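J.: Below are the chains, spelled out letter by letter.
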Amino acid sequence: MHEYSIVSSLIALCEEEVGRHKAASVSRVEVKIGVYSGVEPHLLEVAFDTFKERSICKNADFIMHIQPLKVRCCSCGSESELITSRYRCPECESTNLEVIDGEDMYLMRLELE
Amino acid sequence: MCKDCGCSVTEEHHHHQAHETLHHNPQLNDSKTIDVITKILHKNDHEAAHNREHLDKNHVLGINLMSSPGSGKTSLLEAMAELADFSFGVIEGDLETNKDAERLKAKGIEAYQIQTGSACHLDAFMVHKGLHHMDLNEIDICFVENVGNLVCPASYDVGMHLNIVLVSIPEGEDKIAKYPVMFRKADLILFTKTDLLPYFEYDIEAEKKTARTLKPNVDILEVNTKDPQSIKKVIDWIAFKQRFRN
Ligand SMILES: Nc1nc2c(ncn2[C@@H]2O[C@H](COP(=O)(O)OP(=O)(O)OP(=O)(O)O)[C@@H](O)[C@H]2O)c(=O)[nH]1
Ligand SMILES: [Mg+2]
Ligand SMILES: [Zn+2]
Ligand SMILES: [Zn+2]
Ligand SMILES: [Zn+2]
Ligand SMILES: [Zn+2]
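Protein chains in written order, with the numbering used here: chain U, 1 to 113; chain S, 114 to 359.
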């Protein structure tokens, strides 16, 4: 259940932004969660709703964008989204790929009041 | 340890100001939307990079060991203590007891137990504290024995150079397919307790194939703690990687 640790890092980031912009609270938190980031989106949502109560995000909506795994092929140059966990270029079958998205979690956007 | 590397300096300055743009909302002029675009774990990642600096300065290779509970992480370290030419220390993530650290100390290995209660993974800050207790001048390799868990530790860079992920035969087939995020992180996958293969329905070649579908360039070895040759191969792999850390 590291979703709780992740939410506490997320709320700490929100608090920093609120401080820096001299805002009063956060009304919307938008995150991007990679399918291969290792977090379960549903659990993250539950953790956020539990933790936000005692924080600057008390009244914030939580918006998650689920990011599929996106790779660039180093052999043919094409970019594709992989739907299975088969790391192979759908265009040319090369396994020489560079992951460009879908393995991380980002705070993307905040709405402050 | 950190006096000379300046880690007590706050890292606020390094915040991602550059990415930021303001959109004033004309209807609600008391509300504004800001683009942040920061990794949620960026503080952890920053600390992880800092841990690697400590290791690099001392020419120490850092290796993070991850697996389910009981796959044989501590047993592997004990077996290596008797056979390896390199010297090593271990930061132990067995959070509830100090049994694993005691087992290693009994073999003459420097081991430091991280005490943080019942966390399900180690993060770079915990490992940094552990590094303060390691004499990095005296060792060639620093291992982190992560908390036994195939999910949570995969999300946290703890600041080592390489990841070894263990999977033991009695855990059964399909572990690699079920935990792709963890096995994608592996530089080396160890199939452990291979002495038990005759007693389990376990198609090890099929499991290796799954691993290479997930991560085509991953290294794979088989380990049985009663077979010194198998431990030697792990030692050779580590020693090979260590040669590039000087
Ligand atoms: N048969 C067999 N048993 C093994 C082997 N390696 C480890 N074991 C046994 O597996 C059990 C667990 O081993 P540990 O080394 O404590 O496993 P661990 O991964 O450190 O466990 P945690 O730290 O609790 O996650 C012990 O009873 C070991 O004796 C092996 O190669 N063969
Ligand atoms: Mg152990
Ligand atoms: Zn967890
Ligand atoms: Zn291609
Ligand atoms: Zn430090
Ligand atoms: Zn420092």
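Calculated from the structure, these hints are not laboratory results. Some hints could be false.
[Stated by the list, open to error] Here are the simulated lysine-lysine pairs, DSSO-like style, with alpha carbons at most 30 Å apart:
| id | chain 1 | residue 1 | chain 2 | residue 2 |
| --- | --- | --- | --- | --- |
| 1 | U | K70 | S | K288 |
| 2 | S | K145 | U | K22 |
| 3 | S | K291 | S | K339 |
| 4 | S | K321 | S | K345 |
| 5 | U | K70 | S | K321 |
| 6 | U | K22 | S | K156 |
| 7 | S | K242 | U | K52 |
| 8 | S | K242 | S | K170 |
| 9 | S | K212 | U | K52 |
| 10 | S | K145 | S | K170 |
| 11 | S | K145 | U | K58 |
| 12 | S | K288 | S | K212 |
| 13 | U | K58 | S | K152 |
| 14 | S | K346 | S | K218 |
| 15 | S | K291 | S | K346 |
| 16 | S | K152 | S | K291 |
| 17 | S | K170 | S | K156 |
| 18 | U | K22 | S | K152 |
| 19 | S | K220 | S | K242 |
| 20 | S | K322 | S | K346 |
| 21 | S | K291 | S | K218 |
| 22 | S | K345 | U | K70 |
| 23 | U | K52 | S | K156 |
| 24 | S | K354 | S | K242 |
| 25 | S | K156 | U | K58 |
| 26 | S | K321 | S | K339 |
| 27 | S | K291 | U | K70 |
| 28 | S | K170 | S | K152 |
| 29 | S | K170 | U | K70 |
| 30 | U | K52 | S | K145 |
| 31 | U | K70 | S | K152 |
Just so you know, these numbers come straight off a predicted model, no measurement behind them.
J.: For each hint, tell me whether it holds in the structure or not.
T.: These are the hints, each one checked on the structure:
1. Between the alpha carbons of K70/U and K288/S the distance comes to roughly 24 Å, so the proposed pair stays at or under 30 Å and holds.
2. A hinted pair counts as satisfied when its Cα atoms are at most 30 Å apart, and K145/S with K22/U qualifies at roughly 11 Å.
3. For the hint linking K291/S to K339/S, the alpha-carbon distance of about 29 Å falls within 30 Å, and the restraint holds.
4. For the hint linking K321/S to K345/S, the alpha-carbon distance of about 20 Å falls within 30 Å, and the restraint holds.
5. About 24 Å separates the Cα atoms of K70/U and K321/S, which keeps this hinted pair within 30 Å; it holds.
6. Taking the CA atoms of K22/U and K156/S, the gap is near 22 Å; set against the 30 Å cutoff, the hint holds.
7. Between the alpha carbons of K242/S and K52/U the distance comes to roughly 29 Å, so the proposed pair stays at or under 30 Å and holds.
8. Under the criterion of a C-alpha separation no larger than 30 Å, the hint pairing K242/S with K170/S is consistent with the structure, at around 17 Å.
9. Restraint check for K212/S and K52/U: not satisfied, since their Cα atoms lie roughly 37 Å apart, outside the 30 Å limit.
10. A threshold of 30 Å between alpha carbons decides the hint, and for K145/S with K170/S the separation of about 45 Å lies outside it, so the pair is violated.
11. Taking the CA atoms of K145/S and K58/U, the gap is near 17 Å; set against the 30 Å cutoff, the hint holds.
12. Only pairs whose Cα atoms come within 30 Å are accepted, and K288/S paired with K212/S is accepted, the gap being roughly 26 Å.
13. Note on K58/U and K152/S: the hinted pairing holds, with a Cα-Cα distance of about 22 Å set against a maximum of 30 Å.
14. Using a Cα cut-off of 30 Å, the hinted pair K346/S and K218/S holds, with the two alpha carbons roughly 23 Å apart.
15. Between K291/S and K346/S the alpha-carbon distance is near 27 Å, which keeps this suggested pair within the 30 Å criterion.
16. As the CA atoms of K152/S and K291/S are separated by approximately 25 Å, the hinted pair is consistent with the 30 Å bound.
17. Taking the CA atoms of K170/S and K156/S, the gap is near 21 Å; set against the 30 Å cutoff, the hint holds.
18. At most 30 Å may separate the alpha-carbon atoms for a hinted pair to count; K22/U and K152/S meet this at roughly 22 Å.
19. A threshold of 30 Å between alpha carbons decides the hint, and for K220/S with K242/S the separation of about 23 Å falls inside it, so the pair holds.
20. Note on K322/S and K346/S: the hinted pairing holds, with a Cα-Cα distance of about 20 Å set against a maximum of 30 Å.
21. Between K291/S and K218/S the CA atoms are separated by roughly 35 Å; this puts the pair beyond 30 Å, and the hint is violated.
22. Only pairs whose Cα atoms come within 30 Å are accepted, and K345/S paired with K70/U is rejected, the gap being roughly 38 Å.
23. This hinted pair checks out: K52/U and K156/S have alpha carbons roughly 20 Å apart, not beyond 30 Å.
24. Taken as a hint, the K354/S and K242/S pair is honoured in the structure, with Cα atoms around 25 Å apart against an allowance of 30 Å.
25. Simply put, K156/S and K58/U have alpha-carbon atoms about 23 Å apart, close enough for the 30 Å limit, and the pair holds.
26. Taken as a hint, the K321/S and K339/S pair is honoured in the structure, with Cα atoms around 22 Å apart against an allowance of 30 Å.
27. Of the supplied pair hints, the one linking K291/S and K70/U holds, its CA atoms being roughly 20 Å apart against a limit of 30 Å.
28. Between the alpha carbons of K170/S and K152/S the distance comes to roughly 27 Å, so the proposed pair stays at or under 30 Å and holds.
29. Between K170/S and K70/U, the direct Cα distance comes to roughly 35 Å. Violation of the 30 Å bound is thereby established for this hinted pair.
30. Proposed proximity of K52/U and K145/S is supported: the alpha carbons are some 20 Å apart, at most 30 Å.
31. For the given pair, K70/U sits about 17 Å from K152/S by alpha-carbon distance, which is consistent with the 30 Å threshold.
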